[in-house]
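*Asks:* Chains as they are written, first to last, in my numbering: chain A, 1 to 368; chain B, 1 to 368.
Simulated from the structure, these hints should not be mistaken for laboratory data. Note that the structure is predicted; figures quoted are calculated from it, not measured. A hint or two may mislead.
A pair counts as met if it fits within one copy or between any two copies, since identical chains are not told apart.
[To be verified] Taking lysine-lysine pairs in the DSSO-like style, the calculated list, with each CA pair at most 30 Å apart, reads:
(1) Lys98 to Lys205
(2) Lys168 to Lys98
(3) Lys205 to Lys137
(4) Lys182 to Lys200
Listed below, chain by chain, are the residues.
Number of protein chains: 2
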Amino acid sequence: MLRSSTLTQSVTVTAVRHSHRQWFQSIPVNYRFCDAGRNSLSSNSAIFTWKRKASYNRNRSGMGTFTTRALAQPLKNADELIDSVETFIFDCDGVIWKGDSLIEGVPETLDMLRSKGKRLVFVTNNSTKSRKQYGKKFETLGLDVSEEEIFASSFAAAAYLKSIDFPKDKKVYVIGEDGILKELELAGYQYLGGPEDGGKKIELKPGFLMEHDEDVGAVVVGFDRYFNYYKIQYGTLCIRENPGCLFIATNRDAVTHLTDAQEWAGGGSMVGAISGSTQREPLVVGKPSTFMMDYLANKFGISKSQICMVGDRLDTDILFGQNGGCKTLLVLSGVTTLPMLQNPNNSIQPDFYTNKISDFLSLKAAAV
Amino acid sequence: MLRSSTLTQSVTVTAVRHSHRQWFQSIPVNYRFCDAGRNSLSSNSAIFTWKRKASYNRNRSGMGTFTTRALAQPLKNADELIDSVETFIFDCDGVIWKGDSLIEGVPETLDMLRSKGKRLVFVTNNSTKSRKQYGKKFETLGLDVSEEEIFASSFAAAAYLKSIDFPKDKKVYVIGEDGILKELELAGYQYLGGPEDGGKKIELKPGFLMEHDEDVGAVVVGFDRYFNYYKIQYGTLCIRENPGCLFIATNRDAVTHLTDAQEWAGGGSMVGAISGSTQREPLVVGKPSTFMMDYLANKFGISKSQICMVGDRLDTDILFGQNGGCKTLLVLSGVTTLPMLQNPNNSIQPDFYTNKISDFLSLKAAAV
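Extracted from the complex, chain A is given alone in its bound form (with noise of 0.2 Å):
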């Protein structure tokens, strides 16, 4: 498969507002499409005309390029970056915590950056929770974290139907967890299945067939760990036969952190489930397409270069940061190492890199 992170192609969506029954053709959000393996942001192609032009990524000088980028540079001046940009987005496992532990010196590190002006924002693919149950956690943590800083790809699921005008008579049928559930509910949306459905089973007999929701209008696809063949059948006939559904993934992850012990297969065995029987490309919410960065910037209106994306992960994180034209920053805090980081055959490059976030606060000792 080929991976590169340089190689980029812009997508533009006419940005024409609609009556319902015009939903489904067009979207009011510009967008870079990232080919980078299947983590990229896919158009339902049946429903969207895409107006796609190969291009190239340009880097800060504005100069195009297909090289690599420069090898990434280790943090000696946190000041210096700071000081660049007006935003830090942060992901958060591996980066803030790791399982249900604190990462050491995190709290010290936030409370110095907010005393210094600059905005926060945690950013997750773990799509099993809503804003306000990750608020929750972050509350155990004891982290002093509002709702409308957290941004969980359940919550990209519904900001994004509210993005391009989802009817409200239309529902949504969810294969995941209860996270986007809770969100659709808040967004004003109707749903079917999630957890309902996880105990369903299909007893088949000669001349049977399933019965499905002509109303549904689009299938959210998270990770879910009460997945069935039900549920992959429900899922596979709205977006086959009812016009226009929407297929949307939160994220490809292919593996998660349910616990310490060990990777778990991710979001995107769901979602490549799903493909698979539709042959249709989800269109991503999650990391690393660049959906939630541009309703961010929108929703703050910040410039996209005054981020930086904090995250432990490559092929996630920093390229989220990249595809959305911030600065990028790579912990070693959490699956990434620094021999992964300067494998040869590994072309996604921050701009920086260090140990933790708390990396801040002795960098700018050091740098008085």
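Given chain A, work out where chain B should sit, using these hints.
*Replies:* Structure of chain B alone, referenced to chain A:
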């Protein structure tokens, strides 16, 4: 997604016989690698050193071309086609039967072909049954077909393992139904998984990890209506963590005919899920990969140009025949209609098309 029947890559795999310790380092079969959507024979890239070279289809005159094939012709002279080949390979569903009903005129057609000394072979991507179980289905429908004439993808999975001298002290983890287990057992392989894991659930607690058998050297994935997260995680662990573990797919069919009443999500779902979590592409042994075709040609010592592939699906059956360098006949008794064949967007053109295989009889009579 790029779909083309004419763009292929030639894949040469060094045919080295090997000790058990080296079984995963080479495979003794030559393939053609088909880049048609995801229904392709692909490598476990970490394991095999494929020697790929860009190539393109050769038509029967030997002229290489990237252009689409000539439009399919209606079959007018059955005798000419019958006389030009030695072997007919029939897809089953949509060609021989539909669900549990025989298609009109099939027994007489098969009898006629046998009386003319033609070899008959029946190939199906359905892996839920073994050869023996398929034999019973033919018998129930009043057809005299021996087990040796039947090539289901369940059999292909076991035959593939034999062809690479997969060691008998290694184990196979099965995501799929009973047919695969039966074929593995007949071939003398140790296996685990299958229906037994259908009811298993994962109860997460902090620090919990799933143990897996380190002797698993291959994960075989086929259609599985009892698919669940336990199987996804078990298969993923084997492929990601057991050195050299193979990822074999019986097929990547998007949909299948569990009942006549509707199309059901097919083996492509289960394979897509494992591909999504492992970020590996499977080695596909069913149609349209050429493993079964190569196996048949070697077993019976027949030239592929002496084979006519008869099927009702363009992107599996007809592509399978074309990838193998065989003559191809599309029958309209299954899922493909004449407008679908003649749609300008369809690039897969068989040599001939006709309504059903018993047209062989009427077209013979008409030609006399």
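*Asks:* Now tell me, hint by hint, if it's right for this structure.
*Replies:* Verification of the hints:
no.: 1; hint: Lys98 to Lys205; result: between (48 Å within a copy, 15 Å between copies)
no.: 2; hint: Lys168 to Lys98; result: neither (38 Å within a copy, 41 Å between copies)
no.: 3; hint: Lys205 to Lys137; result: between (46 Å within a copy, 17 Å between copies)
no.: 4; hint: Lys182 to Lys200; result: both (21 Å within a copy, 28 Å between copies)
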